[in-house]
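All chains should be modelled from the sequences, with the hints used to inform the complete structure.
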Amino acid sequence: MNDESRLKRQEARGIKKSSRLLAIELNAGLKNNIAVTKQKLFWNKKTECMNRKDMRAIQSERLIKLVQHVYNNVPFYRKRMNDVGVKPSDILSIDDIVKLPFTYKTDLRDNYPFNLFAVPMREIVRVHASSGTTGKPTTVGYTKTDIENWKEVVARCLTMAGVGKEDIMQISYGYGLFTGGLGVHYGAEAVGCSVIPISGGNTRRQLQLMSDFGSTVLACTPSYALHLADALSENGYSLKDMKLTTGIFGAEPWTENMRLELEKKWGIRAHDIYGLSEIMGPGVATDCVHHCGLHVHEDHFFPEIVHPDTNKPLADGAEGELVFTTLTKEGIPLLRYNTHDLSTLNHEPCKCGRTSVRMKKITGRSDDMLIIRGVNLFPSQIEHVLLELGETSAHYLLYVDRQNNLDTLELKVELDESKLTDTIRDLQNLSRKIEHALNSAIGLHVKVTLVEPKTIPRSEGKAVRVVDNRRNS
Amino acid sequence: MTIRQLSVFLENKTGYLNQVLAVLAKHNINIIALTVADTSDYGILRAIVSDPEKALEVLRAEQFSVRIHDILSVEMSAVPGTMSHILDLFAAADICIEYVYAFSFGSKSILILRTDNREKSIEVIKANNLKSISEADLRQ
Chain A
1 MNDESRLKRQ EARGIKKSSR LLAIELNAGL KNNIAVTKQK LFWNKKTECM NRKDMRAIQS
61 ERLIKLVQHV YNNVPFYRKR MNDVGVKPSD ILSIDDIVKL PFTYKTDLRD NYPFNLFAVP
121 MREIVRVHAS SGTTGKPTTV GYTKTDIENW KEVVARCLTM AGVGKEDIMQ ISYGYGLFTG
181 GLGVHYGAEA VGCSVIPISG GNTRRQLQLM SDFGSTVLAC TPSYALHLAD ALSENGYSLK
241 DMKLTTGIFG AEPWTENMRL ELEKKWGIRA HDIYGLSEIM GPGVATDCVH HCGLHVHEDH
301 FFPEIVHPDT NKPLADGAEG ELVFTTLTKE GIPLLRYNTH DLSTLNHEPC KCGRTSVRMK
361 KITGRSDDML IIRGVNLFPS QIEHVLLELG ETSAHYLLYV DRQNNLDTLE LKVELDESKL
421 TDTIRDLQNL SRKIEHALNS AIGLHVKVTL VEPKTIPRSE GKAVRVVDNR RNS
Chain B
474 MTIRQLSVFL ENKTGYLNQV LAVLAKHNIN IIALTVADTS DYGILRAIVS DPEKALEVLR
534 AEQFSVRIHD ILSVEMSAVP GTMSHILDLF AAADICIEYV YAFSFGSKSI LILRTDNREK
594 SIEVIKANNL KSISEADLRQ
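Those protein sequence lines, which keep their order, are chains A and B. Position 462 of the first sequence, counted from 1, bears residue number 462 in my numbering, the numbering being contiguous throughout. Position 66 of the second sequence, counted from 1, bears residue number 539 in my numbering, the numbering being contiguous throughout.
Please note that the accuracy of each hint is not assured.
Claimed, not checked - Selected chain A positions facing chain B (Cβ under 7 Å, derived; list incomplete):
(1) 422
(2) 423
(3) 454
What the hints assert, rightly or not - Some chain A residues well away from chain B (every beta-carbon gap over 12 Å; in silico):
(4) 400
(5) 405
(6) 412
Stated by the list, open to error - Here are the simulated DSS-like pairs of lysine-lysine, each with C-alpha atoms no more than 30 Å apart in a straight line:
(7) B:486 <-> A:447
(8) A:351 <-> A:151
(9) A:87 <-> A:53
(10) A:351 <-> A:53
(11) A:433 <-> B:593
(12) A:433 <-> A:454
(13) A:99 <-> A:53
(14) A:419 <-> B:486
(15) B:527 <-> A:454
(16) B:593 <-> A:419
(17) A:165 <-> A:360
(18) B:486 <-> A:454
(19) B:486 <-> A:412
(20) A:87 <-> A:144
(21) B:581 <-> A:419
(22) B:527 <-> A:419
(23) A:454 <-> B:499
(24) A:79 <-> A:45
(25) A:433 <-> B:486
Source of the hints: derived by calculation from the structure; they are not laboratory data. Ideal Cβ positions, reconstructed from N, Cα and C, are used throughout, including at glycine.
Structure follows, in structure tokens:
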């Protein structure tokens, strides 16, 4: 009944009939004794629909084991726990998690590259890294079990979004050190998709293969999905050439309005896949077809919401900083890692049948981190590059914009008078040199514009370094 | 051989050039020659003025970015083809011209040059008996 009414609703909303919906129809047919293949609605129903008490028991058991392990194997955690006076024996259930110290991004940086790893390197089978705040990347390591668990949670996310064996999935997240591409890849293979590992960029080829191969699922950042939609006609395509039914979008915060816009532009269902490399990569949580929050795979990643100033845990519905403890991770387990993403939690069971806790779509951050085309960027990284070059003053303003649905960066930086020459070429060389240094440090193209000294406003309190003009759609 | 030129960084804003000129006017500094190199984001004002040191001081006091550079000058006769002939001499010595502008002062025609090789340029000027002007010549 539920499936049928959902189908009717979605048809009423004009959503193209996807293979998943067809499967639901067929499923309905099954009830009428018509033999058909059944589309999976849950990847791991036992866990995803487990009653709260049993879930707490699993979480308690895993937390106790985790705390013992990191206390005995990671000097950083032993010290940090000693500093706050907590012993592994103080952790008797998941409720005791509030006694544990927090972990921050700076801790990963300070322990670069491998000092937070909790197993010997011979147990690590993969390393990913993201750009860091002072030139050093943030490094994470995975054991064989971690990779298996990652595959499991991504498979749950994809199944939740209605993706299955019949789908052809175009993965346009970057492959490589970034967790996006490979993270989604193994989960997609696990659910049995035909995976097209096209990676990011090259819009024309993306559209060509999407049309030629008949991709039914697109995985990329939401802004890139919008860009691709807008690039259809100029590349000689229309929606009729495409068979897309589902979008698996993530790696940057996006609003509910953006979801509706993407669904309308592509005629698809768009799902938000949340994740961060520190915790695992994509697959920490995703939204089901009801889009009422993202189901967190809380048997692996235990979420808390804490007050940004007091660090006190907040109740369901109260907005604060999202904190994760990796309950099963072996390579680089993290206790109470503060993501600085702002969200709320909801422990009510969902209409889809899942009992897992849901987090609200990320609405913002409590620090100054920007997410540009899926890449994390702190203004301090820009400052670091400028100071290292020493060719300009360190007074700058970063303008973030969105042109053709792609994020653009322009850096206005004050010229140092001693670098002023009588030829334009010298100034252009200087801009280019800064652009190049920024590009190699943060992996993003930044247009550099030199401005006169003392023209960037000084502020006495918190300096305004960023003007973000991306529309809040 | 060389004279001093002011280089002022100009942001691409309406009225900005005039702000620079107004400061010079206020301090009674005469502009003898002026040229602006422009890009989409900014420009550089280059000027030969009656008192470069004072100009530097007063412009800096008004928060402009300004520097003084020594540049080459060549006096030209008022005969067609003179400038072309001079540039030929530089090209023959494989010297690249970065920028050039010309102005008249009294009865004189003066070419201002910036090249990629100053020493070699001075050699060309000397070897061909070209006449440079001095700042004193501009103070009549």
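Hints and how they fare:
1. 422: Result: holds, 4 Å to nearest chain B Cβ.
2. 423: holds (5 Å)
3. 454: Given a least distance of 6 Å, the restraint on residue 454 of chain A holds.
4. 400: Given that every Cβ of chain B is farther than 12 Å from that of residue 400 of chain A, nearest at about 18 Å, it holds.
5. 405: The claim stands: residue 405 of chain A keeps its Cβ more than 12 Å from every Cβ of chain B (closest is about 24 Å).
6. 412: Residue 412 of chain A not clear of chain B: closest Cβ-Cβ about 9 Å, inside 12 Å.
7. B:486 <-> A:447: holds (19 Å)
8. A:351 <-> A:151: At roughly 25 Å apart (the allowed maximum being 30 Å), residue 151 of chain A and residue 351 of chain A satisfy the hint.
9. A:87 <-> A:53: Since the Cα atoms of residue 87 of chain A and residue 53 of chain A sit roughly 25 Å apart, the hinted pair holds (cutoff 30 Å).
10. A:351 <-> A:53: Measuring from Cα to Cα gives roughly 19 Å; hence the hint holds.
11. A:433 <-> B:593: Distance ~29 Å between residue 433 of chain A and residue 593 of chain B Cα, so the pair holds.
12. A:433 <-> A:454: Roughly 22 Å separates the two Cα atoms, so the pair holds.
13. A:99 <-> A:53: holds (21 Å)
14. A:419 <-> B:486: holds (21 Å)
15. B:527 <-> A:454: Since the Cα atoms of residue 527 of chain B and residue 454 of chain A sit roughly 22 Å apart, the hinted pair holds (cutoff 30 Å).
16. B:593 <-> A:419: Given that 30 Å is the threshold and the Cα spacing comes to 24 Å, the pair holds.
17. A:165 <-> A:360: Distance ~29 Å between residue 165 of chain A and residue 360 of chain A Cα, so the pair holds.
18. B:486 <-> A:454: holds (16 Å)
19. B:486 <-> A:412: holds (15 Å)
20. A:87 <-> A:144: Satisfied, since the Cα-Cα distance of roughly 29 Å is no more than 30 Å.
21. B:581 <-> A:419: violated (34 Å)
22. B:527 <-> A:419: holds (21 Å)
23. A:454 <-> B:499: holds (23 Å)
24. A:79 <-> A:45: violated (39 Å)
25. A:433 <-> B:486: holds (25 Å)
The structure fails to meet hints 6, 21, 24 from the earlier list, while all remaining hints are met.
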